[in-house]
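Chain order of the listed sequences is A and B.
Sequential numbering from 0 applies to the first sequence in numbering that gives the first Met the number 0.
Sequential numbering from 0 applies to the second sequence in numbering that gives the first Met the number 0.
Be aware that one or more of the hints could be misleading.
[To be verified] List time: in silico DSSO-like cross-link candidates among lysine-lysine, alpha-carbon distance up to 30 Å:
| id | chain 1 | residue 1 | chain 2 | residue 2 |
| --- | --- | --- | --- | --- |
| 1 | B | Lys218 | B | Lys69 |
| 2 | B | Lys118 | A | Lys4 |
| 3 | B | Lys218 | A | Lys3 |
| 4 | B | Lys218 | A | Lys4 |
| 5 | A | Lys3 | B | Lys69 |
| 6 | A | Lys4 | B | Lys69 |
[Unchecked claim] Stretch by stretch, here's where chain A covers chain B in the computed footprint (C-beta under 8 Å, at least three residues):
| id | region |
| --- | --- |
| 7 | 176-188 |
| 8 | 236-242 |
Source of the hints: derived by calculation from the structure; they are not laboratory data.
Note that beta-carbon positions come from the ideal geometry of N, C-alpha and C, so glycine has one too.
Each chain, letter by letter, is given below.
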Amino acid sequence: MRVKKEHYPIIIVATLILFVGLGLLLGFVPQHGSGGGHGAVVPEMMALLGVV
Amino acid sequence: MRRDRGKQMAGGLTRTRRSLQGAAVLGTLLIGVRHVLPGEASSGGAFDAFCPFGGIETLVPYVATGSTLKTTNLLNFSLLLGVLGVALLAGRAFCGWLCPLGAVQEWLAMGARRLTGEKRHIRGKQSPARLPLTLPAAVDRPLRYAKYVILAAIVALSVVAVYPPLHSLCPVRAMFGLRLNSALLWIVLGLFVLSSLLVERFSCKYLCPLGAATAVFNKLAPLRIVVDGERCNRCGRCEVECPMGVAAVHANTNDPECIRCLECVETCARQETMVLELG
Numbered sequence: 000m001r002v003k004k005e006h007y008p009i010i011i012v013a014t015l016i017l018f019v020g021l022g023l024l025l026g027f028v029p030q031h032g033s034g035g036g037h038g039a040v041v042p043e044m045m046a047l048l049g050v051v
Numbered sequence: 000m001r002r003d004r005g006k007q008m009a010g011g012l013t014r015t016r017r018s019l020q021g022a023a024v025l026g027t028l029l030i031g032v033r034h035v036l037p038g039e040a041s042s043g044g045a046f047d048a049f050c051p052f053g054g055i056e057t058l059v060p061y062v063a064t065g066s067t068l069k070t071t072n073l074l075n076f077s078l079l080l081g082v083l084g085v086a087l088l089a090g091r092a093f094c095g096w097l098c099p100l101g102a103v104q105e106w107l108a109m110g111a112r113r114l115t116g117e118k119r120h121i122r123g124k125q126s127p128a129r130l131p132l133t134l135p136a137a138v139d140r141p142l143r144y145a146k147y148v149i150l151a152a153i154v155a156l157s158v159v160a161v162y163p164p165l166h167s168l169c170p171v172r173a174m175f176g177l178r179l180n181s182a183l184l185w186i187v188l189g190l191f192v193l194s195s196l197l198v199e200r201f202s203c204k205y206l207c208p209l210g211a212a213t214a215v216f217n218k219l220a221p222l223r224i225v226v227d228g229e230r231c232n233r234c235g236r237c238e239v240e241c242p243m244g245v246a247a248v249h250a251n252t253n254d255p256e257c258i259r260c261l262e263c264v265e266t267c268a269r270q271e272t273m274v275l276e277l278g
């Protein structure tokens, strides 16, 4: 399927937002403090990252 | 064959790309500013927590121990997922369109061209400027594998690390972190600027481990550049414009080095010769 080059930037940005949003929805959210985040073990997310 | 005069100048797609790159640089700078403001240093995680590559650095320790490395947190995984999502669809498009470090490298290369003899950039025409240089193929080709070695080394080191392995050497932190509190970061910043002036997108070509991680998707991504072999007259205009120095662009549109910036598509003077296809 032909894609207009003018639509390319929108597709890229929308995909980025969509996948970042998916990560946030799955519980991978910003945390306070200087890091060392833990506790939100989301097996589905890890499986997805593994597949990717 | 009909020629498109508008393509002789900076195309609309290039302007859009530069705008997005500018937004990425500004956004990253704001993150840096936010972390040097009093009382804000620990709010929302450290500077490293906003890096998609931090997700790779901290992935193995997180899977093994359930805890991320220091200065990273779970947000890194969301950002990494975003970059991998783009890579799944369009290969290294993040590098070409949204990476702040890639943008700065392009700007430095543009500056180098202006300072060394280019008065006006003519699309598709070899620049008379002395910089940036093109490394000889005998040096360029083996060096391109360095980024894969760096990626493998970082993943291996992350197993025993406390901080992300790239923490002290990260050019993004040196450039945008606004906290150059070690001599090493000053050296990294200096080398980054110098290398970008000498060779366009030096870091992307030879060093960037995130680029290495997404490069493999160029072969698989369904949204790709397709060249009509019958229309293409091998004029080489696309090669001149390619910031990654991909050889014979018309035959290598899925090369792992391609960052999908679409400068080749914008530069092609023959309509409908280089097009985007999904699937």
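Broken hints, by number
Per hint list: 1, 5, 6, 7 and 8 violated.
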